[in-house]
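Colleague: The lines below spell out each chain.
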Amino acid sequence: MGIVSSLGDGVESTRLALFAREEPSPRLPRRFETQLKLPVFEIPDPPASADGAGLPVRFLAHALDEALKNAKLSPEDLRTRRVGIAVGTTVACQLDNIPCHARIRQGDFSDLGPALAYATGMPAEYLRRRLGTDGPALTISNACASGADALMIALEWLRTGRCDLVISGGCDSVSKVAFDGFNALRVCSDAPCRPFDADRSGLNLGDAAGVLILEPPDRAAARGVSVTFELGGAGKSADGFHITQPDPSGRELERAVRLAVSQAGLECRDIDFVNAHGTGTPVNDRVEGAVLNRIFGENLRYQSTKALTGHTLGAAGAIEAIFSCLMLEERRAAASRRCSTPDPELAVPPLAVNTPIRGNAAVSTSLAFGGSNTALVFRRCRPDVPDTGPVPVYAAAFALLPPGVPEREELTVLCRKYGLRRPGRLTQLALAAAERLSPLPRTGADTALITATAYGPAATTCRVLDDILDYPEEEILPTGFSHSVVNAASSYLTTVHGIHGPAFALAGFEDPFREAVDLAQTLLAGKACSRVLLVAADEDSLTSRAVERLRKKGGSVSAEGACALLLSADPAENRLGTLELSPETGGSPRLLPCGIPVSFAEALAAAGPDARTVLERPPEPVWQL
Amino acid sequence: MNEDVSAFRRELKENLVDWLQLMDKTADDIKDEEPLFKEGLGLDSLDAVEIVIMMQRKYGIPQSQVENKREIFATFASLADFIMAGRTK
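As they're listed, the protein sequences go chains A and B.
For the first sequence, my numbering begins at 837 and goes up steadily by one.
For the second sequence, my numbering begins at 140 and goes up steadily by one.
Calculated directly from the structure, the hints in this document are not laboratory data.
Certain hints may be false.
Claimed, not checked - Listed next, the in silico DSS-like pairs over lysine-lysine satisfying Cα-Cα at most 25 Å (straight line):
1) B/Lys170 <-> A/Lys1253
2) B/Lys177 <-> A/Lys1253
3) A/Lys1253 <-> B/Lys164
Since the structure is predicted, the reported quantities are computational estimates derived from the model, not experimental observations.
Excised from the complex, chain B in its bound form:
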């Protein structure tokens, strides 16, 4: 994995803990290939809405680009890759 990718993933993990106020987690607890929802990180549908909003606020990705694309949220890595490729800021 190149350095940009791993630095970005690190940043995003810290952001997720901060955005979602994951009191019981640290960035180190989020594994790249772990599912974000249910049995993985344990996020729910409201968290998905929050992540979509924060993607828009922080990385300039319009909500319309994310609608009906559940595959983006499959794992932490899929989310990170999508944001890295689509970010405008």
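Just chain A, with the same shape it has in the complex:
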């Protein structure tokens, strides 16, 4: 493990600080100018990096160095194993450099340094290049659940034998866009946050990165490294309820927690404590507290650590996984800080003091925008659990969106059909592609969703940047920000199609579409679901035009577009044949947006049940200034 947050730099200082009498206090932001008096948990900047990497990636690289050292792994060790890399983030998936945007929007492309740092700074791809590994590298941008989702993907890769070792984690930093955006959503507190307190008034943002290296215990033992705790289970569900608001019943959150506990081979009574998401906003804490009480009854013990670190967005799930493991190791559950008067609506208040525990198992929850729930269970290691092995993947349906579609008329019909309002362009493309599938994906908990994109809702992000440049901070529009998250399309798709299985929003520039198909295969092999709806989309934006100037080969041929692919493990749903991944680089295929090779789209569109379609890896893009 490796970590950096306001609780300290490194695992050992974090261990002490978790239980210390004094808690760190947030301060007004120092990295950017603001009139807003909203405190944040900033930490010192790591040294600048020669490759121009942005802040979240530098925090991540710092945490990785510690994790590799603690795991006794050298770069050579990694090159001889099948290493997967899964990292959650939100800020690193946006080109949020305000001066750069100000230049680009005036047609000045003379200094694209920040655009290059963004395109080469997708955290998972960045680590893969740095470490020289060649396994999957996924950057997950599922808003506040991203870090926990990275861990769930790591577990699936190990369970199915896709990887021997996984580097997983999350990273984020307090950016001007997130700061103004969360303020526009009216969820920030102007005081240190007080999760689960009766007087809580919102969240504080924070910087952090956390890295967990996961490896089967027997393999670690063979290297002379002993492992005490395992990530025993992960449960993920989608509310499919509303684009931004959580389902007040918390039904899907409850299902995610129960799934994780049962996958870990445990009963609820075996869980020592829950490290709750507990952001400090009125709605989150009320719903989450009620659900945890429903699951664990009067024996519930829980805390939020966000009063110590702030809400670190894409890093939160990863650093809180580390906190949970440290508490298990110490056989002590940390007190929930700044909760002097627990909300009387909570049947069981959070832990008021550091409390001795058996140290057997813990749950950590992460809940995101758009009703994406992830629960992880950490427990004492079991004897090795065998791999499930690969399964054939059948293509049940495929649709590619023609250029220029959807137009306003089709959108109006779609929006009326599903009672939708104001989907951004990327979401429009994703919805229209999915709508062209025949048959439409089935609703329920058995269907997973993966969205893949390079730029995400970049045009929407550009509008948020325009707002920041053109208006005072109190006039930033909240929905611009809420629609600029990479998983916005995912929230719409789960809601309109009633998908309650795991939903992952992936971002990448090297081969996002292939990575997504690879993940679909893993989810199906591990029986995390029985079918996967995969939607790949990119929208045209000033950002994409700036970045495409830097990409010399392996790039996209058109500005925007989308495709939808329905994959199944059930031979009865085989309509277009089996799908296979080729490890080979297939020359220089022409690519549609978000890395869909033109030849693949053509082959699948014409395929039948007896077909076998191979998806080759495209060459990596070469970025130049």
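Here the structure of chain A is known, so what remains is to put chain B in place on it, guided by the hints.
Modeller: Same frame as chain A, now just chain B:
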């Protein structure tokens, strides 16, 4: 209803569709006496924040004048009347 009022209401309906990107609606779908929220036009709390910001940007009505005045948002007509009376640009 005098012509100024009806012309302004028309303009505001078009603006609302545009500001709030109501893909499933046109200006004609917004009825004067219909509630803006929930069972009426179906707007939510974030839409309210957006409308308040756009009132400031477009019509020069400070946000402080709108705080804690839920009655302004009761129906489309109440919103239109408030803006018409209070606009500074």
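Colleague: Take the hints in turn and mark each one as holding or not.
Modeller: Cross-check of the supplied hints:
1. B/Lys170 <-> A/Lys1253: holds, 21 Å
2. B/Lys177 <-> A/Lys1253: holds, 18 Å
3. A/Lys1253 <-> B/Lys164: Measuring from Cα to Cα gives roughly 12 Å; hence the hint holds.
Checked against the numbered hints listed earlier, the structure breaks none of them; every hint is satisfied.
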